[in-house]
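Following the hints, put chain B in place on chain A, whose structure we already have.
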Amino acid sequence: MTDIVRTSKIQELAYECKVEEAMTTDVVTVAPDDKIVDVWMKLRDKQISGLPVVSDDGLEGIISVEDFIKCIIQGRKDEQVKDNMTTHIEFIYSDEPLIHVIKKFEKHRFGRFPVKERDTKKLIGIITKGDVIRCILKRFEKDYYEEEDKKNKMRNIFNDIKSDKTTVILKYEVKGKEFKKAGEKSGFLKNALLRLGIATEITRRIVIASMEAEMNIIIFTDSGEITVLVEEDKIKVNAVDSGPGIPDIEKAMRPGYSTAPDWVREMGFGAGMGLPNIKNCADEMHIDSKVGQGTNLEFIVNLKK
Amino acid sequence: MKISEIIKELNLAVLSSGDFLDREINGGYVSDMLSDVLANSKKGNIWITLQTHLNIISVASVKDLSGIIIVNGRKPDEDSLKKAEEERIIVLSTSERSFQIVGKLYEFGIGKNDEDI
Chain A
1 MTDIVRTSKI QELAYECKVE EAMTTDVVTV APDDKIVDVW MKLRDKQISG LPVVSDDGLE
61 GIISVEDFIK CIIQGRKDEQ VKDNMTTHIE FIYSDEPLIH VIKKFEKHRF GRFPVKERDT
121 KKLIGIITKG DVIRCILKRF EKDYYEEEDK KNKMRNIFND IKSDKTTVIL KYEVKGKEFK
181 KAGEKSGFLK NALLRLGIAT EITRRIVIAS MEAEMNIIIF TDSGEITVLV EEDKIKVNAV
241 DSGPGIPDIE KAMRPGYSTA PDWVREMGFG AGMGLPNIKN CADEMHIDSK VGQGTNLEFI
301 VNLKK
Chain B
1001 MKISEIIKEL NLAVLSSGDF LDREINGGYV SDMLSDVLAN SKKGNIWITL QTHLNIISVA
1061 SVKDLSGIII VNGRKPDEDS LKKAEEERII VLSTSERSFQ IVGKLYEFGI GKNDEDI
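Heads up: the protein sequence lines correspond to chains A and B, in order. If you're matching positions, the first sequence starts at 1 in the working numbering and goes up one per residue. If you're matching positions, the second sequence starts at 1001 in the working numbering and goes up one per residue.
Please note: incorrect hints may appear among the correct ones.
[To be verified] Under the rule of at most 27 Å between Cα atoms (straight-line distance), these lysine-lysine pairs were calculated in the DSSO-like manner:
#1 Lys234/A with Lys1042/B
#2 Lys1042/B with Lys236/A
#3 Lys236/A with Lys165/A
[What the hints assert, rightly or not] Stretches of chain A that chain B covers, calculated by requiring three or more beta carbons in the stretch to come under 8 Å of a beta carbon on chain B:
#4 204-210
#5 255-269
Because the hints were derived from the structure by calculation, they are not lab data. As the structure is a computational prediction, the values presented were derived from the model and not from experiment. No residue lacks a Cβ here, since even glycine has one placed at the ideal position from N, Cα and C.
In isolation and in its complexed conformation, chain B is listed as follows:
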């Protein structure tokens, strides 16, 4: 599924890299611990987190994640968004909580076919 499709379905705000919304999502990962994401997320995953600082962009970049959804209505600072643009990382935000967002993503079929769950 393309990121643009979930943006529409989940009513997400696009905070950065709006030019790359046709990127494919091949599953998801939820965690607020960066090391955990570094260790366990997979290339192309959408990452759901409440962290907003600059380092989430580095993590998403290193792991080639398809994008980040920041929950609970949190907003990343300008530095993070600037770096996100540079690294072409799509940052999305929602006022909903991780649980709701993940539930909806799963309903749309994201993560249902992950072989390694």
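Okay, chain A solo, but in the shape it has when bound:
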């Protein structure tokens, strides 16, 4: 239990959760006049380790498995509960935080504490270590899902916005020859897609392809623009430039074929894998290019339902 107190998030929850949230309200009790053998039936049937002893006047004591075993060993199974119960009762109020219960468990060896309501002083529940752990785990789960929900809030953008067709458009301007910034815009795109709730694997495919497209613009042209259309069922990317154009698209698609200058290759670009990479990542790819005018490279990734 000391470990629980030491850990901050759990401690926080232990202060936040109230006893009433964790306690069992369906309390099995015995009467002071009941016989020890009756106690056994209840302990066994309900699979519990202790019972509050309740009379018309309220809580009188607790009888635990240990008390019961003592009675059996000493041949007192026909005696009454009131003569064999623990009368020194440590109880807790329902509006106290769980941390009080945890501290109480550390202090006393009891396996359970009866829970009373502060105003009426009536027994309204019972709390065990198991209840405490269950309650904190439940809170953890709740917090976890809330956190997930927050993360995924944008995931429903297409469900939340009522329209016949919703499209999110992202535009990225890419300057040619700026190798230092190569990949920067694709990095922004990655974060944007994740923020929109696009699955990691789909995002990765798009970003690899857009990074290649971005590098092509940087290597071969003076400037270009990458436009990303995010729709409910697909993501369409257009990388448009006014560069030299591709004279032979078929050749350009061949893995290893490259027209990049040596100094570009030395930086690790221009391996002749750009277009093949894009093709591998995309579900569809089209290249529209005119020599001396420019290139429009389009690729589409379908979003699985």
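Same frame as chain A, but now just chain B:
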């Protein structure tokens, strides 16, 4: 295997993101061509390269690589390391060559169980 373990075994210098050294490595990839790494490396791989410019950080980030080992005693510039910190990319360096480093990594079992080799 954790990155911190190979740092110790291979005597690597940690250049960035020293707070994340308990990251797991699930294999490796060696290449100096960025497109090749983009196409063929796997999430969680350690990447061995002699490239030092800013774009290696973008590639490592996009592919969720566990880290980069820069060989031949090369040192990335400050921009690269700054971006590496931002993107939480672990950059390591060694004076050894790719061949030696990869050989040692393989000996430690990295990449031996790659299903898709």
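Now the hints, each set against the structure:
In summary, the hint linking Lys234/A to Lys1042/B is supported, as the alpha carbons are separated by about 24 Å, within the 27 Å threshold. A C-alpha spacing of about 25 Å is found between Lys1042/B and Lys236/A, which places the hinted pair at or below 27 Å, so the restraint holds. Between Lys236/A and Lys165/A the CA atoms are separated by roughly 15 Å; this keeps the pair inside 27 Å, and the hint holds. Evaluation of the coverage hint for the stretch 204-210 of chain A: fulfilled, as 3 residues show C-beta separations to chain B shorter than 8 Å, against a requirement of three.
Restraint check on the stretch 255-269 of chain A versus chain B: 3 residues with Cβ-Cβ distances below 8 Å, three needed, restraint holds.
Violated hints for the displayed structure: none, as all numbered hints are satisfied.
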